[in-house]
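**Q** Spelled out from the first residue to the last, the chains are:
There are 2 protein chains.
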Amino acid sequence: MDVLRVSATSPARMLAGAIAGVVREHGRAEMQAIGAASVNQAVKAVAIARGFLELEGIEVVLVPTFTRVMIGDEEKTAIRFTVERR
Amino acid sequence: MDVLRVSATSPARMLAGAIAGVVREHGRAEMQAIGAASVNQAVKAVAIARGFLELEGIEVVLVPTFTRVMIGDEEKTAIRFTVERR
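So the sequence lines, in the order shown, correspond to chains X and D. Numbering-wise (the working numbering), the first sequence opens with residue 4 and increments by one. Numbering-wise (the working numbering), the second sequence opens with residue 4 and increments by one.
Derived by calculation from the structure, the hints in this document are not laboratory data. Be careful, since some hints might not be right.
[Unchecked claim] Where chain X lies over chain D, by a calculated footprint (3+ residues, C-beta under 8 Å):
#1 13–22
#2 32–44
#3 47–59
[Claimed, not checked] Some, not all, of what chain X presents toward chain D, calculated at C-beta under 10 Å:
#4 ALA21
#5 VAL25
#6 VAL42
#7 GLN44
#8 VAL46
#9 VAL49
#10 ALA50
#11 GLY54
#12 ILE82
Note that this is a predicted model, so its numbers are computed, not measured. Note that beta-carbon positions come from the ideal geometry of N, C-alpha and C, so glycine has one too.
The following block holds chain X by itself, in its conformation from the complex (with noise of 0.2 Å):
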C-alpha cells in the first residue's frame, strides 16, 4: 500500500477520492504531510473522505503520529496519518 504524499496544494477533494479508494481496497490508507499548509490539505481530506465513506456504511478515524523524513540532505519532521475503520 503506497502513502499518499500531501503536498499545500493537493486539491482536498481529490485527495479524499484517493483515501477513500484505498480505505476500500485495503482497509485503512497512510498519508504523509510536512508544514502547516500540507496538513491542513490532508485534514479536509480526511473530513470529506468521512463523508464519502459514509454512505456506503464505513466510519473511519484518523491517526495522527510524528516521523522524521529526509528531503534531500535535510532531515524534516513530517505528520504521518493512519485513516483506518474505527
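Starting from the known structure of chain X, fit chain D onto it as the hints suggest.
**A** Frame of chain X; chain D shown alone:
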C-alpha cells in the same frame, strides 16, 4: 465540556496537556481550528497527547469534521476535531 479553541500561536505541547487532561476527565475532547496554521497546531498537539495518554494505557483517535462558525459578521469554515478513545 468546553471546546478548546486552537489558534496559530497555540503552543502544541501546552495544548497537548490540555487535551490529555480533558480526555482523562471526560473520555473525549473537542477542539476547533480555523486556518492552516491553527489546524497544524491542533494535529501536532494530538500527536503529542497520544504519547502522554499511551503511557496511561489510553489510546485516542481523531475525528475531523467541517463546521461553520461566525467570526464577527463573517461566516467561516472551521475544522472541528473530536479526540476520543479508540
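**Q** Identify whether the interface hint at ILE82 of chain X stands, where standing means a beta carbon of chain D within less than 10 Å of its own.
**A** holds, 6 Å
**Q** So, VAL25 of chain X near chain D? Judge it on the closest CB pair being under 10 Å.
**A** Because about 17 Å separates VAL25 of chain X from the closest Cβ in chain D, which is outside the 10 Å limit, the hint is violated.
**Q** With a cut-off of 10 Å, does the beta carbon of GLY54 of chain X approach a beta carbon of chain D closely enough for the hint to hold?
**A** With Cβ-Cβ at 9 Å, under 10 Å, it holds.
**Q** Once the shortest beta carbon distance from GLN44 of chain X to chain D is found, is it less than 10 Å?
**A** Interface hint status for GLN44 of chain X: holds (8 Å vs cutoff 10 Å).
**Q** Does VAL42 of chain X meet its interface restraint, that is, does its C-beta lie within less than 10 Å of any C-beta in chain D?
**A** Holds - the Cβ of VAL42 of chain X comes within 10 Å of chain D, reaching about 5 Å at its closest.
**Q** Does VAL46 of chain X hold up as a contact with chain D if the rule is Cβ-Cβ below 10 Å?
**A** holds, 5 Å
**Q** Would you check whether ALA50 of chain X satisfies its interface hint, that is, whether its CB is within less than 10 Å of any CB in chain D?
**A** Since chain D brings a Cβ to about 5 Å from ALA50 of chain X, closer than 10 Å, the hint holds.
**Q** When I compare C-beta atoms, does the stretch 13–22 of chain D have three or more residues closer than 8 Å to chain X?
**A** That given contact is violated, which follows from only 0 residues of the stretch 13–22 of chain D lying within Cβ reach (below 8 Å) of chain X.
**Q** Go check the stretch 32–44 of chain D versus chain X for me, would you? Three or more residues, Cβ under 8 Å, otherwise it fails.
**A** holds (count 5)
**Q** Could you check if VAL49 of chain X really has its C-beta closer than 10 Å to a C-beta on chain D?
**A** Holds - the Cβ of VAL49 of chain X comes within 10 Å of chain D, reaching about 5 Å at its closest.
**Q** Please verify the coverage claim for the stretch 47–59 of chain D: does it have three or more residues whose C-beta sits within 8 Å of some C-beta in chain X?
**A** Result for this restraint: holds, n = 4.
**Q** At a threshold of 10 Å, is the proposed contact between ALA21 of chain X and chain D supported by beta-carbon distances?
**A** Hint on ALA21 of chain X: violated, closest Cβ of chain D at ~17 Å, above 10 Å.
Consistency note: the structure conflicts with the earlier hints numbered 1, 4, 5.
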